[in-house]
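Trainee: Take a look at the letters that make up each chain.
Protein chains: 2
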Amino acid sequence: MKNNSFKEIAGQLKEAGSIVIFPHILMDGDALGSAAALCCALRSMGKDAVIAVEDKVPDYLQFLDKGYCIYDLEKYMNPDVSICVDCGELKRFPERAELFKSGKTKICVDHHGTSPGIGDYNYIDGKAAATGELIYDLLLAMECDIDVEMANAIYAAITTDTGNFQYSNTTRRSHEIVMELYDLGLDSYGTSVSLYENESFEKMKLQSAAINDSEVFAEGKAIIAEISLDMLEQYGARMEDTEGIVGMMRSIKGVDIAILLKEKEPGNIKASLRAKHGDVSKIAVAFKGGGHEKAAGCTIYDSMAVARELIMKAVSEELCRE
Amino acid sequence: MKNNSFKEIAGQLKEAGSIVIFPHILMDGDALGSAAALCCALRSMGKDAVIAVEDKVPDYLQFLDKGYCIYDLEKYMNPDVSICVDCGELKRFPERAELFKSGKTKICVDHHGTSPGIGDYNYIDGKAAATGELIYDLLLAMECDIDVEMANAIYAAITTDTGNFQYSNTTRRSHEIVMELYDLGLDSYGTSVSLYENESFEKMKLQSAAINDSEVFAEGKAIIAEISLDMLEQYGARMEDTEGIVGMMRSIKGVDIAILLKEKEPGNIKASLRAKHGDVSKIAVAFKGGGHEKAAGCTIYDSMAVARELIMKAVSEELCRE
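Just so you know, the sequences run in chain order A and B. As numbered in my numbering, residues 249 to 570 make up the first sequence, in order. As numbered in my numbering, residues 249 to 570 make up the second sequence, in order.
Only chain A is shown next, with the shape it has when bound in the complex (with noise of 0.2 angstroms):
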């Protein structure tokens, strides 16, 4: 498939009315950053641009939902564009599908690289760090006047997608792009402080408590934790407190992969994996799931128990193999 033009779509954009804006479920800093500093830009235009969204806005994203987000999806079917970003395919906004299908014209703007493109207009780049670096790139053939708000917003996708700068997905214009943000007034501090200095105290505890009882393996070479139901319980957390524990647990010294299993409803364990070095999508496949080379996932349906023996196995397998 090939690529339209920024232009192009562009175009289409500058001759819509009504626009309706499909970050995905599970909505991120990228998919969120990027869908607002779109509807900013877009409502600057004089046009009626939303975010139709089916899940709740993240506490740590809700600085960006600027009164964009709406859920009474009926009210909006039929818009002159129906445009997701951060995701191409049905499955990632399932509530949302027919709303997305209404649309006069589809359009995709996405840099996961297996995504088939679903739009009349694709723009898809797997090698962009983060969708809101094509959003900026789009702003920019849209020629419209890039505000701190719409700069912010993208700064927010970029940053969390990229950890920090850290991934190893982070490019040279990941960093050029932040550069021209900040002549346009970017708040990268402030940014940043609502990203990450709005953590839950019972958030943290959940962390320490997993790390304090995880288990190092394959020689030091992995890691694995749990989340248990009771473990929620015990501490007053949400099972989305889990985001950023698997990352910490990676980032040990002489680990490759580290293992988080959450226990989403007994019988129902959601394996998260990360790998410094190797490939743990592989893995992940093996176990139905899916995911890229350093960040992968599985379900497991069975026991805690049952799930972190299979796990344990098959990681120690994929480390032998080395």
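Wrong hints could be hidden among the right ones.
A pair counts as met if it fits within one copy or between any two copies, since identical chains are not told apart.
Pairs of lysine-lysine residues, derived as DSS-like cross-links and limited to a Cα-Cα distance of at most 27 angstroms, are as follows [claimed, not checked]: (1) 314 - 354; (2) 501 - 304; (3) 453 - 469; (4) 512 - 501; (5) 255 - 518; (6) 453 - 561; (7) 518 - 453; (8) 314 - 501; (9) 314 - 524; (10) 501 - 453; (11) 314 - 453; (12) 453 - 524; (13) 469 - 250; (14) 512 - 453; (15) 304 - 512; (16) 375 - 542; (17) 530 - 512; (18) 542 - 352.
Since the hints were made in silico from the structure, they are not lab data.
Since the structure of chain A is already known, use the hints to place chain B on it.
Mentor: What follows is chain B alone, placed relative to chain A:
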């Protein structure tokens, strides 16, 4: 005091045959990254350059020392040039003060605005996010071919001193330099893994224990935790493993001030203070300590219990005043 130009400083370095570089005691990523980039550059130009140190290079920074660091100070007395980086006072390298003073020409490059300028040539810029940024400009002025090793060291300096580009000191220039470093071969991921993904399991368990036992007070606006000598023994950790804990505590929602009390020895309690919005340097100064607005410290010569009470009272009063 007026700064010399980088051109003048570069001229002094170019004329020199032997150069000794001085990072500060308890070196951090900016001190050693700056020193390593400069040492590598000088050696590439055929100079006899070393980094004089008086304390151990921390584990997470050892990848930066490619045979540059020397402890045998006597052997390097009377160099053509002594240059201190990321510090500008003799008390910041007390055991090396004589060696520094023995240099025929003394230079100081620092980003601590309060540095008095102890060199014959000085470049002190309190607005630079890291001394690494100034070293980059100095290398350009030296017309040195910046290679991947220098690029990685400068990146290490900038990313550590800006807290991965999150702290309030981060500027447009920080990102611009990193962007240019990519053109010189920067391995940002490899450097980040070396810096941040080599944590000891003992350190992580110590962090978890401290956070688990921490106490929120002043109506949720402050949080305090302790690291005792007993805890270090229990977890097999070292005092340097406390790095990062107070920053994690500050990141809790609603918390304005975080305090970590560290028992250096019985009756000698070091308090590290971090502010999200307010100013903690005033509190530290009241206990004869010092530091910056958002990161300060002091020592209380009393028991942990008394130190805790005194600091909690001072912090509560400060927060009431705001």
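Trainee: Going back to the hint list, which numbers does this structure go against?
Mentor: 5, 11, 13 and 18
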